[in-house]
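Taking the hints into account, I'd like the entire structure generated from these sequences.
This is what each chain is made of:
There are 2 protein chains.
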Amino acid sequence: MVTVELLTIGTELVIGLTLNTNAQWLARRLTALGCRITRVVTVRDELGEIVDAIRDCIKRGVDVVITSGGLGPTEDDKTLKAVSMALNRKLTLNEEALKLVKACYKRLFEEGAIGTPELTPEREKMALLPEGSKPLENPVGAAPGVLVEAGEITVICLPGVPKELKAIFERHLETYFKRRTGNLFSKTLVIETSCNDESSLARILKDCSKIFPEAYIKSHAEKFDRMEGIPITVTVHGHTQQQVKAMLRKITNKICEKLRKKGYRCIKILDFQQIN
Amino acid sequence: MVTVELLTIGTELVIGLTLNTNAQWLARRLTALGCRITRVVTVRDELGEIVDAIRDCIKRGVDVVITSGGLGPTEDDKTLKAVSMALNRKLTLNEEALKLVKACYKRLFEEGAIGTPELTPEREKMALLPEGSKPLENPVGAAPGVLVEAGEITVICLPGVPKELKAIFERHLETYFKRRTGNLFSKTLVIETSCNDESSLARILKDCSKIFPEAYIKSHAEKFDRMEGIPITVTVHGHTQQQVKAMLRKITNKICEKLRKKGYRCIKILDFQQIN
Chain Y
1 MVTVELLTIG TELVIGLTLN TNAQWLARRL TALGCRITRV VTVRDELGEI
51 VDAIRDCIKR GVDVVITSGG LGPTEDDKTL KAVSMALNRK LTLNEEALKL
101 VKACYKRLFE EGAIGTPELT PEREKMALLP EGSKPLENPV GAAPGVLVEA
151 GEITVICLPG VPKELKAIFE RHLETYFKRR TGNLFSKTLV IETSCNDESS
201 LARILKDCSK IFPEAYIKSH AEKFDRMEGI PITVTVHGHT QQQVKAMLRK
251 ITNKICEKLR KKGYRCIKIL DFQQIN
Chain W
1 MVTVELLTIG TELVIGLTLN TNAQWLARRL TALGCRITRV VTVRDELGEI
51 VDAIRDCIKR GVDVVITSGG LGPTEDDKTL KAVSMALNRK LTLNEEALKL
101 VKACYKRLFE EGAIGTPELT PEREKMALLP EGSKPLENPV GAAPGVLVEA
151 GEITVICLPG VPKELKAIFE RHLETYFKRR TGNLFSKTLV IETSCNDESS
201 LARILKDCSK IFPEAYIKSH AEKFDRMEGI PITVTVHGHT QQQVKAMLRK
251 ITNKICEKLR KKGYRCIKIL DFQQIN
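Which chain is which? The protein sequence lines are Y and W, in order. Residue numbers for the first sequence follow this note's numbering, so the first one is 1 and each next one is one higher. Residue numbers for the second sequence follow this note's numbering, so the first one is 1 and each next one is one higher.
The set of hints was computed from the structure by calculation and includes no laboratory data. None of these values were measured; they are calculated from a predicted model. There could be a bad hint or two in this list.
Said to hold, decoys possible - Simulated pairs of lysine-lysine, BS3-like, Cα-Cα distance not exceeding 27 Å:
{"no.": "1", "chain 1": "W", "residue 1": "K59", "chain 2": "W", "residue 2": "K81"}
{"no.": "2", "chain 1": "Y", "residue 1": "K163", "chain 2": "Y", "residue 2": "K106"}
{"no.": "3", "chain 1": "W", "residue 1": "K59", "chain 2": "Y", "residue 2": "K268"}
{"no.": "4", "chain 1": "Y", "residue 1": "K262", "chain 2": "W", "residue 2": "K102"}
{"no.": "5", "chain 1": "Y", "residue 1": "K206", "chain 2": "Y", "residue 2": "K223"}
{"no.": "6", "chain 1": "Y", "residue 1": "K81", "chain 2": "W", "residue 2": "K206"}
{"no.": "7", "chain 1": "Y", "residue 1": "K245", "chain 2": "Y", "residue 2": "K187"}
{"no.": "8", "chain 1": "Y", "residue 1": "K90", "chain 2": "W", "residue 2": "K206"}
Claimed, not checked - Calculated from the model, a selection of chain Y residues having no Cβ within reach of chain W, i.e. all distances over 12 Å:
{"no.": "9", "residue": "R179"}
{"no.": "10", "residue": "L184"}
{"no.": "11", "residue": "M247"}
{"no.": "12", "residue": "N253"}
{"no.": "13", "residue": "K258"}
{"no.": "14", "residue": "C266"}
{"no.": "15", "residue": "I267"}
Even glycine gets a Cβ: it sits at the ideal position worked out from N, Cα and C.
Right under this line is the structure:
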């Protein structure tokens, strides 16, 4: 399985100014694409902190680290410098990235959104990439994404602005990960139970997790919206829809049977994507 | 300054089933109370992962690590076992915690919310704490919070259910951190600018950060709701309201002056707490 660690960068996240929705969005997408997210780390816009965090990923031997944030034109955008330090690569002007940045400011100037199309040092900074990087065109903003392969690890850098992160992911990374995971994917179902005491569900979950060790089965004391009782989620991986559906049916049947034996009901079973 | 690392625990967070609102809530509160959050880490409900993450905090020399999640009755609630392993302390039945758990299930039974007040092994598990722990009464749930002092580091464990985490924080930790920081606190103002090009703000922010190195000044390419132009946030620490206000006035005046020189306007200045 392809292991991925998320490194979300930004003091605004660490001090709580901004809610880290990027981490959740990436985690859902990557999980659905069959990747195994191993950890999410959030650090301040401090060079040493970012370098340390990337080096930790290398030490832990993950396949891919995806960073978000710190690609912009301001002084506190330090991600690419940190990546180049952690990977021992030079930071150099990438011609392909420069073309993308130029084209973006030209377009914004022609649309009247900015006062000058000039490539100031702040704008040019967004084309300074670690040697050997592949820039990923940003369809909705100035800073390109970056993909660097360095031996065993792939480092992918995305901007922190959610709509830019999503657009780059959808344009470039969806197919990239499908290829890397060999079209593995995952699906999550939600069982709404009639039970309101998580401690009563503990044994059912324990038993079912033993019977189906390949599934991720979890109760949620914090209910999803408008649910009467505690929900249980079941997540399963597979290579075909048929295989995943069959496995989910087997597991949810077993859970519902065990719920009934304890005097609880399975109120309904929902696709997780539809409730959240 | 008291340094704090947040360790949010739960596979549901890592795979994106749940949005990590606890991290933001804690980060805001702790920052306002004058703490310096250094990093936020999210790991799966896996014993080895949690132990490693706590040991990393010890290595990094933070003053306090606050965990959320993994205190409940289910098999995948492993936080306290991990803390006891990371700190080399035995996990033992804590009499004070046991009393709290008992009282909670007695109350829930009397209210008709659950079928039995009996202390099952799953329920008793919530009173197994690392030796030397102080349980923190949970006003709205079964699992008590935990505070352990171990040499240089304090480990505080909170439940993952947001309303329980918040209630324990407000009852026990607000005063605890006020004491530890010597009543230091912070305040954030938001300047709404008329500028829509972050690269034009870069130099202003760079200059102002040099003049006021003790402040955290940042532009946000992702706008806050209903803002026309890119906002700039200014965060300042101090021991008195007067001191903090004076500092914020000085900094926002300087930023607005520099905006005007570049042909932009400061549309308005808001208290951050009021817009988010």
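Hint by hint, here is what the structure shows:
1. W:K59 - W:K81: Holds: W:K59 and W:K81 sit about 19 Å apart, inside 27 Å.
2. Y:K163 - Y:K106: The given pair, whose Cα atoms are some 20 Å apart, holds under the 27 Å limit.
3. W:K59 - Y:K268: 47 Å, violated
4. Y:K262 - W:K102: Distance ~22 Å between Y:K262 and W:K102 Cα, so the pair holds.
5. Y:K206 - Y:K223: OK: Y:K206 and Y:K223 at ~20 Å, within 27 Å.
6. Y:K81 - W:K206: 17 Å, holds
7. Y:K245 - Y:K187: 9 Å, holds
8. Y:K90 - W:K206: 24 Å, holds
9. R179: 21 Å, holds
10. L184: Fine: 14 Å to the nearest Cβ keeps Y:L184 off the interface.
11. M247: Non-interface label stands for Y:M247: nearest chain W Cβ at 17 Å, farther than 12 Å.
12. N253: Consistent with the label, Y:N253 stays out of reach of chain W, its closest Cβ about 21 Å off (over 12 Å).
13. K258: 14 Å, holds
14. C266: Y:C266 is indeed farther than 12 Å from all Cβ atoms of chain W, at 18 Å.
15. I267: Y:I267 clear of chain W: closest Cβ-Cβ about 17 Å, beyond 12 Å.
In summary, the one numbered hint that this structure violates is 3.
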